[in-house]
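Here is what each chain is made of, one letter per residue.
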Amino acid sequence: MTAYVVRRVFYMLITLTLVSVVGFAIIQLPPGDFLDTHLRQLGITGAQLSEEELQDIRAYYGLDSPGYMQYFVWVGNMLRGDLGESYSYRIPVGELVGERLPLTVLVSLLTIVVTFLLAVPIGIYSATHQYSLGDYTATVFGFVGLATPNFMLALLLMWISLSWFGFPITGLFSSEYLDQPWSVAKFLDMMLHLPVAILVVATGGTAGLIRVMRGSLLDELQKQYVITARSKGLEEASLLFKYPVRIALNPIISGIGGVFPELVSGTVITAIVLNLPTVGPLLFNALTQEDMQLAASIVMVLSVLTILGVFVSDMLLLWLDPRIRFGSEKATA
Amino acid sequence: MATAVAFASGEEESGAQGSAAAEMMSEYGDVWQWDTLADFERDTGQAISSFGEAPMLAAMVAAGDLPPVEERLPDEPLVYNVFEGIGTYGGTLKTASIGTEYTEVTPIRGLVGAVQTANRGPGESIDIVPYIHKGWEMSDDQKTVTLYLRRGMKWSDGAPYTADDVMFSFEDFLLIEEFPSGWRRNGWGPMSHAEKVDDYTVRLHYSDPFPTLPGWYEFWGGWHPHAYPKHYLSKYHAKYNDNADALAKEEGYDSWVQAVWQKRGGGGDFRVEDMNTPSVKPWNHEEITTTYVLHVRNPYHFAIDPAGNQLPYLDRLRVETVADSETLNLKIIGGELSIAALGLATPDFPLFKENEESGNYQTLMWPRAAGAESFYAFNLTHQDPVQREVFQDVRFRQAMSLAINRDEINKVLFFGLATPRQAAMDPENSFYKEEWATHYAEYDPDTANRLLDEMGLERGSDGFRLRPDGEVLHAQILIPLEWPIHVAIGELVAEYWQDVGVKVDPRSYSIDLVGERLGSNDYDIAVWFLRRTNESKGYLPSNKFTSNDGHYAPLWWAWHHSGGESGEEPPDEFKDFFNLAGQWYITADKAERDRIATQLFDFASEQMLLIGTVGYAPIPVVVGNEMGNVPRDVRYIGDDVQFLRDVKPDQWYLKQ
Chain R
1 MTAYVVRRVF YMLITLTLVS VVGFAIIQLP PGDFLDTHLR QLGITGAQLS EEELQDIRAY
61 YGLDSPGYMQ YFVWVGNMLR GDLGESYSYR IPVGELVGER LPLTVLVSLL TIVVTFLLAV
121 PIGIYSATHQ YSLGDYTATV FGFVGLATPN FMLALLLMWI SLSWFGFPIT GLFSSEYLDQ
181 PWSVAKFLDM MLHLPVAILV VATGGTAGLI RVMRGSLLDE LQKQYVITAR SKGLEEASLL
241 FKYPVRIALN PIISGIGGVF PELVSGTVIT AIVLNLPTVG PLLFNALTQE DMQLAASIVM
301 VLSVLTILGV FVSDMLLLWL DPRIRFGSEK ATA
Chain A
1 MATAVAFASG EEESGAQGSA AAEMMSEYGD VWQWDTLADF ERDTGQAISS FGEAPMLAAM
61 VAAGDLPPVE ERLPDEPLVY NVFEGIGTYG GTLKTASIGT EYTEVTPIRG LVGAVQTANR
121 GPGESIDIVP YIHKGWEMSD DQKTVTLYLR RGMKWSDGAP YTADDVMFSF EDFLLIEEFP
181 SGWRRNGWGP MSHAEKVDDY TVRLHYSDPF PTLPGWYEFW GGWHPHAYPK HYLSKYHAKY
241 NDNADALAKE EGYDSWVQAV WQKRGGGGDF RVEDMNTPSV KPWNHEEITT TYVLHVRNPY
301 HFAIDPAGNQ LPYLDRLRVE TVADSETLNL KIIGGELSIA ALGLATPDFP LFKENEESGN
361 YQTLMWPRAA GAESFYAFNL THQDPVQREV FQDVRFRQAM SLAINRDEIN KVLFFGLATP
421 RQAAMDPENS FYKEEWATHY AEYDPDTANR LLDEMGLERG SDGFRLRPDG EVLHAQILIP
481 LEWPIHVAIG ELVAEYWQDV GVKVDPRSYS IDLVGERLGS NDYDIAVWFL RRTNESKGYL
541 PSNKFTSNDG HYAPLWWAWH HSGGESGEEP PDEFKDFFNL AGQWYITADK AERDRIATQL
601 FDFASEQMLL IGTVGYAPIP VVVGNEMGNV PRDVRYIGDD VQFLRDVKPD QWYLKQ
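So the protein lines, in turn, are chains R and A.
The first sequence runs 1 to 333 under the numbering used here.
The second sequence runs 1 to 656 under the numbering used here.
Possibly wrong hints are sitting among the right ones.
Covered stretches of chain R (in silico footprint by chain A; criterion: 3 or more residues with CB under 8 Å from a CB of chain A, positions within the stretch not fixed) [as the list claims (entries may be wrong)]: (1) 90–101; (2) 150–163; (3) 274–282; (4) 285–297.
Derived from the structure by calculation, the hints contain no laboratory data.
We treat Cβ as the ideally placed atom computed from N, Cα and C, and that holds for glycine.
Chain A with its partners taken away, still in its complex shape:
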């Protein structure tokens, strides 16, 4: 029996590889994947004639509840290379997350993407590779993208996954008025229309060139599926069912629109309403409770390993919800979890390391794609005109940056493992300039004091500097307390600033209140992460420098976005900057685009819009010794690479 053979060889493999050292490579080389079976056979000269499947599914096939694996797999399955070796089937992966909002983050969030990032080892480039779709092709004018689907691919209920499902998601969902348009913009960019070429080919048309599209898909694809199951949803859709409204009401919805909206499933936007909605994820929801969420394997998953075994290896994933990070830490050192990554803090690294043996796990440090763990943005459009006058003086921002002892932050909070730097883009970018990362990033309190003295900010009787109107210059850092690292860095930074006589309080609030105050321009200093700085990732519009997400000038951005209707008119140089930022995304020519980027980030750097601290800090990732095929070194972890998605959870397995 083919299954048994593949299975047995898998066990040998895992036994041999499990004892090997940290530097491990599959016998199939360090190829990330073969987009289709044909590619695999061409590249390796090997043929896969029969497919393996999980014992759990084999039992269902034997009982007649499921068609055989050959029929479930697409004609053109993705051949996913394995990190160490062929795995063994079965078992439940146990992990945990803090709070309910993020239970889907670990580790399956983002597995609905049409494309994925190949997160190779350190020093390797970040490439975007096909995942759900077989491939894509951009037109020369960058206005059209052609998506190629996998022939014979199926939804998790066995129905064919075709161009009709992709078309349904546009023509009957994203592009029609009944549904909010924001999801269209987020998931697909500024699209004009979709065109079905044949059952497995769809062409998407854009009105402007969209050169960053693959990266955009890569990022948003993790949240917004690129196809919805037409066969399942059409009975709830008024276009296909005249009684859709009645059906919706029968099921407890207000209207057919609401029913489709909530049942479409799959995205990262809301919890899955209807667990029966088919998906193409490796695992689907099986049970949702207030203490854990259970996912069970999708019998129709479209990927196989190089030995022809259908992935995923793991039967189930259990994501436990814990309310507190200390509880999570105890679970980890108690050895309760198979893998834990998100929500772990760098300062806890020694705790994890100390208990490795008793907890039977290994602690890895994976760098996070953050150009700044915390950056500070002084509100240039502050409500108070005097405060604003101070903040708008670039010398002030320069002084504040010079006053920060980045090396100390790195030593105290990150064991010296992070990179002290200014808030700047990823060094890997083609248009990168080293000076952006070093601009006023050295620790020089004397110069900082001199700059502040030059500005005329004299010290009052208590040593704190006074504003031009004679009041004490007092500013608050608005810190979301949900992110302990901002709190920790914020306390140090506030001290550095006080050392040069600027009275700064780090204040932590719930993220809701922080958002409220940022939205109503009621703050002095904002703090956030600087992520998404790698150009190949493409989703540049939400870059902190070139959008209001940086929170450095909310009223000016409001003016820009509303075409002058609300907010306040920015100075000309900022108007140019905002317009240029818009131009950046739709410039098809690479050289021209890089020229614009250089101009943009020169301005941002010179203006000190965002003041950085340290970046690329590694975060602890705890991997149980029973886990196989989890890489030891990665290029990045974080939302630049969709959390754990890009270390291929499909091919993780539990060693027997």
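Excised from the complex, chain R in its bound form:
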């Protein structure tokens, strides 16, 4: 068991190194750099600079050195805990990400919980009541949920909340609390705004998970051991939850690791529409502005979180599924 964990940690480090190289390289791929982008945007409003003048300014920002040098400087700083400074905000990346990470984690965790609370029972119900009215209803809603773009749903809910309840949801906070320090009132205000955000982000995931849960449970229910257990008179509920459901949960649990980055980056458009102060829109902006330091550091932070997520989900599987546990013990023995 310990050996397994140590091995996993070792792999994680290798993965992170590779991610840092690939991530940095991909972000460098688009032509030009932050200054090009920035000056082009300024160009809209009238600024003009020649190429040589641009070169001068580039030198100030260390953007004139070759890409691999920029990489080493960045990695070196990161190892010392310095994530660099965002070109566009002129604020240390650590502060920028730190400002948004807690809310991102909060939204993500709540979304995962909501997704599971909705998807697992519905999935179980659909599987055990296959082709019933309830199953069809769940299927229809599931597919509609899957097919509706989240941002569309977000826009709809925002509009509904404004026109029916006179309550605009354009972010996690009401206008009057935006620049205020944390207080009970601000927290309650956030709690009013959270459900819409979570509902929107959760729908897409829920619909998919219902299908997965339903499918894998159906597979299990047809197996011999279920029929045997049932023929031996085991009570339906304890039978269901003790064996097939646990096994059917496997693909869902192992997906947790992937859920987190999906919530951060996969829902960027939703977060943009809902104006959520999460990391997704920040990353999106950084990428469009070629704000290298910010984008690369966010990608790194997300990678760490993903890899940790996968690690946690593997540990959960180990705990949930004795077959894996015994398998790994055999392998390391």
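Use these hints to put chain A onto chain R, whose structure you have.
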């Protein structure tokens, strides 16, 4: 107490004026401003003996943290007239902008200018008036300008603002090799040297006549402050501090040059690095986060209202960053914002109008100083010789212009409120010719088809016209997707062009990619706004017709700029055109300059360099009912008049 009196009368005033109809005028008349207190007292016969200040600052004075208002104001404050009436102090103005790049645009961007535009009501002329500086004077040969500073004026930290700060910005910053020269050119034009006359007078010398200088300052002054705080920056400057490099490194910079560069602050070029850098803006940065930027009042602001109250009235401005225009719209109709202007689209006007009551705001339509909301430039130096041959035929450009149904664009996208016209200069210009705006601007697809037939562009089996080499003539409009109006107009225009058999695709790309492709001559048709067309604004060098910003012939412009080193040699008529354009800016004699301008724009018009659609479209501006002193009608809004700067945010206030 003087403060209390001024304050109380202000409240009465706002109460009385707040309920008045849209047509409002201050009791002090429609004077834009009085450049100094002395001017005010002379013109109105009134004397201001004591000054009012914001309760927020009065509390700081009482606590001993701030000198009294009399000492903070310059001896010669700007007296800013108010649009409606004397305002009340306090409150936070809430606004929002799309994306981080533009958070400073609304509404304080441009408030660092030495001069400003008096953006009077519709039909009025656009004048450039003093703002930070008391005044300026051009020499007869247009080669020297004398700047007069306000006596006793102070930076936001209380240090005196004098000629030394202006000199510092030249001698120790803009004119020395260590710093990029482009900023000098942009901010100050082709300057040769600066001369300090006394503590409040500076003379700037130019090697060529620079007749458009006030307009140039007006525009660039919004981006490049005309003085940097010497007292604050000199400790980071190697000339004043031998250990400047060490100090810079200590603060995390690579060198003293970088430290000064980033700390100088104030301009529109980069985000403020050091929030402690003093400025002379009405509000300074207080807090920058990824969701909003907060600005707080400058206790040393140099302007007062006609009752002697120090401006600005508003304590704070909060500019929220939203990532999406729909979110911005929801914030507006939900009544969350005090004012919203930039980033609003004309087609959303009904949405704003419908929700006025529940959102407690008023929707105004302010015309934008755009001679063309979208113009199209066919790439005359196209990489593909056959494509180029087609584009270079002026009949082709004429046909393309005739094929556009400008009235329909106006009706469909602008509720008929814009002006269908060719891409042309501002009708207000002294050298303006009406025919520039009407040249091939009517909708006449039959003539367009005839011209294309004459060119020998026959239709292929699928109805699309073929190039001389037998291939389908296929062109892309390169549209920056960040500007939805270009996308919307582009879709209509592409249809009109397809109707006359020219296969055109409107393609939207991120502005970065658009810039990349424009820069590498990898495009068929460019699209952009035509702005900055008013002659009194002066910054003519970046005019789309007379610079490569029009993107109609990138290789020819490259040849011209590099003196023949790169690009391709243009035809003689274009060489003459480019040279004449250069001559235009440095011709001191007004009559001669106008003659050149006429010649230039005759050529541009005849050549159909830029094909226009509609211009002067109004954009919605949403003003909360709690806002006071925001004009209902303006001459223009847009970058011709520095966004909201020219509706005087200094004197806006929140009604109690």
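Hint check:
Figure legend: the region 90–101 of chain R, annotated as covered by chain A; annotation consistent (5 residues with Cβ-Cβ distances under 8 Å, at least 3 required). Evaluation of the coverage hint for the region 150–163 of chain R: fulfilled, as 4 residues show C-beta separations to chain A shorter than 8 Å, against a requirement of three. Coverage of the region 274–282 of chain R by chain A holds. Counting CB-CB distances below 8 Å, 5 residues qualify, and the rule asks for three or more. A stretch counts as covered by a chain when three or more of its residues have a beta carbon under 8 Å from one of that chain; for the region 285–297 of chain R and chain A the count is 4, and the coverage holds.
Checked against the numbered hints above, the structure breaks none of them.
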